[in-house]
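*Asks:* Using the sequences and the hints, build the whole thing.
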Amino acid sequence: EDQVTQSPEALRLQEGESSSLNCSYTVSGLRGLFWYRQDPGKGPEFLFTLYSAGEEKEKERLKATLTKKESFLHITAPKPEDSATYLCAVQAGGDSSYKLIFGSGTRLLVRP
Amino acid sequence: GAVVSQHPSWVICKSGTSVKIECRSLDFQATTMFWYRQFPKQSLMLMATSNEGSKATYEQGVEKDKFLINHASLTLSTLTVTSAHPEDSSFYICSASGGGLAGETQYFGPGTRLLVL
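Respectively, the protein sequence lines represent chains S and F. Numbering-wise (this note's numbering), the first sequence opens with residue 1 and increments by one. Numbering-wise (this note's numbering), the second sequence opens with residue 1001 and increments by one.
The hints are simulated quantities; they were obtained by calculation from the structure and are not laboratory data. Check the hints yourself; a few may be wrong.
[Claimed, not checked] According to the in silico footprint, chain F covers these stretches of chain S (three or more CB under 8 Å from chain F): (1) 38 to 51; (2) 97 to 111.
[To be verified] From the derived model, a few chain S residues whose C-beta atoms are all more than 10 Å from chain F: (3) 65; (4) 76; (5) 81.
[To be verified] Derived BS3-like pairs: lysine-lysine, alpha-carbon spacing no greater than 30 Å straight-line: (6) S:57 x F:1020; (7) F:1064 x S:42; (8) S:68 x S:99; (9) F:1064 x S:57; (10) F:1066 x S:42; (11) S:99 x F:1064; (12) F:1041 x S:42; (13) F:1066 x S:69; (14) S:99 x F:1041.
No experiment lies behind these values; they were computed from the predicted model shown. All C-beta atoms, glycine included, are put in the ideal place defined by N, C-alpha and C.
*Replies:* Below, the structure is given as structure tokens:
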């Protein structure tokens, strides 16, 4: 069964304190792994798509990496405005519907 | 680019009435649209997948007759909650993707909060 597990469930950081969020996945043929950011009461905002092991993508203070079993979202010198829930999702290669399988998310709080 | 809108952003209705939520892709053609619901502090739960001009595919446990989905054009999908009851109160979010051979990114709307009294 395709599955996505995110850890930790919640993370509190001091402003400037770098850390990583983990996304472990089990999927029958990975078509793509996606990272989204969701603020309270809003829809998810697209951050990154990763397709193959070894791939890395960066955007401002965020960097996403991918291995055959997991993905990491590294946050360098975070600011309070980075506080949000970060969602990881995968698309299975054998599924023609392109639907996403979501993890439960990591709630990040960055204190000033 | 890749902007998805939803209307309304919130709605309050009486039990037994029907509510329609619109999802539009503003700057791209959406081959596929998805409808999710989200409960407080939980992740997104996929309700159904719709392709333009085709019947929607519903996830297991989602009532087709209660949640009517229409994807009439490449930029518009609608979700109608029929005979709404308090347990249908939730945050409904749509997403849209342009289709293709590679892993396709879904772009999400801002969500619609439904409260059924």
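*Asks:* Which numbered hints are broken by the structure, listed smallest first?
*Replies:* Hints 6, 9, 13 are the ones this structure does not satisfy, whereas the remaining hints hold.
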